[in-house]
Amino acid sequence: MILDIQDLHVYYGESHVIQGISLEMDRGEAVALLGRNGAGKTTTMRAVAGLTPCARGRVRFDGQDITRWPAYRTARRGLSFVPSGRRAFDTLTVRQNLDLAARAWRFPRRGWDVARVLKVFPLLEELSGRRAGHLSGGEQQMLKIARGLLANPELLILDEPTEGLSPAVVKDLGRWLDLLRGEGLSILVTEQNALFALAHADRGYVLEKGRIRFASDASSLRSSDEIRSYLGVARLA
Amino acid sequence: MHAFVVDLVSTLSTAGYLFIVSAGLTLVFGAMRVINLAHGSFYMYGAFLVTTLVGASSGARFWWAVPACAVAIGAVGAVVELGVMRRLYRSEHLTQLLATFGLLLIFADLALRLWGTGARTVSSPSPFQGRITIAGATFPSYDIAITVVAVLVGVGLWAMLTRTVVGWRIRAVVSDPEALAATGTNTHLLLTVVFALGAGLAGLAGAIVAPQTSIAPGIDQAIIVSAFIVTVIGGLGSIAGTALGAVLIGVAQTLGTRYAPNWASTVIYVVLIAVLAVRPWGLLGAAER
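First to last, the protein sequences are chains A and B.
Numbered per the numbering used here, the first sequence spans residues 1 to 237.
Numbered per the numbering used here, the second sequence spans residues 1001 to 1289.
Everything labelled a hint here was simulated from the structure, so no lab data went into it.
Mixed in with the good hints, there may be bad ones.
[Unchecked claim] FRET-style restraints, in silico, Cβ to Cβ:
id, chain 1, residue 1, chain 2, residue 2, range
1, B, Arg1163, A, Glu183, 42 to 48 Å
2, A, Ala115, B, Gly1218, 56 to 62 Å
3, B, Ala1075, A, Asp7, 41 to 47 Å
[Stated by the list, open to error] Away from chain B, derived, C-beta distances all over 12 Å, residues of chain A:
id, residue
4, Arg76
5, Thr93
6, Arg116
7, Asp217
Every residue, glycine too, gets a C-beta built ideally from N, C-alpha and C.
All chains should be modelled from the sequences, with the hints used to inform the complete structure.
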């Protein structure tokens, strides 16, 4: 098992935002974590990555207990968290963003270096001298994923990757995800765009108010009327 | 004309040490969003420490005493970061200010115990005690030495921030500490290094300016006011802006002292107000998001 979350609880101040989540993921799986805005998807992932403290419960990564690890240690261990929104290092160039990530630590060589990342995302090569703060939302998303890959992760966590992207870029994103799945990378995606996430995942979990409401394989989640109406997804004509 | 050139060099040396102190302040602010009121204490300790290290001897020991002060004060800075600053990053600005103000008071009292209440002086090494003549004008050679060191520090900081991975990390931690940690950088350690570097620069400035001033309790507060004005004029967090601000304040101070001695200390505030009226975020600073 690459990721094993047992009975995770997280508080923001007084409010009990994650109330006992358990989630298991095998190596090579792609899993979607769905739910409405405020359901706790991002908080769960931040807690797993070590950016938000876990109050109770246990997180194991590849058999190792990482519950109390700071973010930089989980990253070095092979869990790469790609945050949502405009989170490139704005004042650095695209190339500096990549070099920084590639040299942040002697990551075990699992095959991703700057040259290979640029081959997968040729647009980043063209933009390499551009300040990251001047990139469009889609270009920033590409840069963030590239940065995440340079950590040579065993598990890639993408937080709300389609947020703010145009439909054309969302399509590109889907291609990148399929490509990485083809490489055997384990991927965990949180999304409000349930149809997108389920189209590129093996299984899915639906969160509601800090608890898991449904868990099933992607195709049955997609076809279940109850879940579609719960997530506010219109039936495809 | 002659007086003007001499003024110019003296201006540059004033701007030089102001730049070194303020660069440390702005570096720390940029990375941590904390105004460290105890930054002037590091400067004062650098100055006092150099008097202790050099002692009554002429300037011969000065050569190694200056870098030793920078390193020692940098180490003090690392301890302060680990012991105090680290606990404050998530606190409100007021809490941070009060804590650094507390540090300033503690350092000031400790300095009284260590070095007493009297003023101390130290002489510069012999090659810099004279005056040199360039193109018919003579000026104190130590002024030129300070200017050269300041330029080296500025170029060094610029090269570090633009050309090295550590420098990119420092700039990345300014824009997004969480995303930086998520790429595998130990941001806690990085902030300790930045704070130590800032403190070391203040210690260096104190040590290097020591032969030109009388070193006494109270210079910690005097310098933090000047350094704060310099960094605000330049734009908090901008090294190049700090250099500009230091030159502006250096000019204002020197010209003020020469032509309007009674108003000299007022002039720098006038410059501050004038700059902020036009650019509230400083000359090269970015408007806060």
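Structure-based check of all given hints:
Taken as a hint, the range 42 to 48 Å is violated for the pair Arg1163 (chain B) and Glu183 (chain A), whose Cβ atoms sit roughly 34 Å apart. For the pair Ala115 (chain A) and Gly1218 (chain B), the beta carbons lie near 58 Å from each other, so the given range of 56 to 62 Å is met. Here the CB-CB span from Ala1075 (chain B) to Asp7 (chain A) is close to 45 Å, well matched to the stated 41 to 47 Å. The claim that Arg76 (chain A) is not at the interface with chain B is violated, since a C-beta of that chain comes within 12 Å of its own (minimum 5 Å).
Here Thr93 (chain A) does not stay apart from chain B, with its beta-carbon only about 9 Å from theirs, under the 12 Å limit. Distance to chain B confirms Arg116 (chain A) as a non-interface residue, since its nearest Cβ pair spans about 17 Å, more than 12 Å. Residue-level check passed: Asp217 (chain A) sits 29 Å from the nearest beta carbon of chain B, beyond 12 Å.
Of the numbered hints stated above, those contradicted by the structure are hints 1, 4, 5, listed in ascending order.
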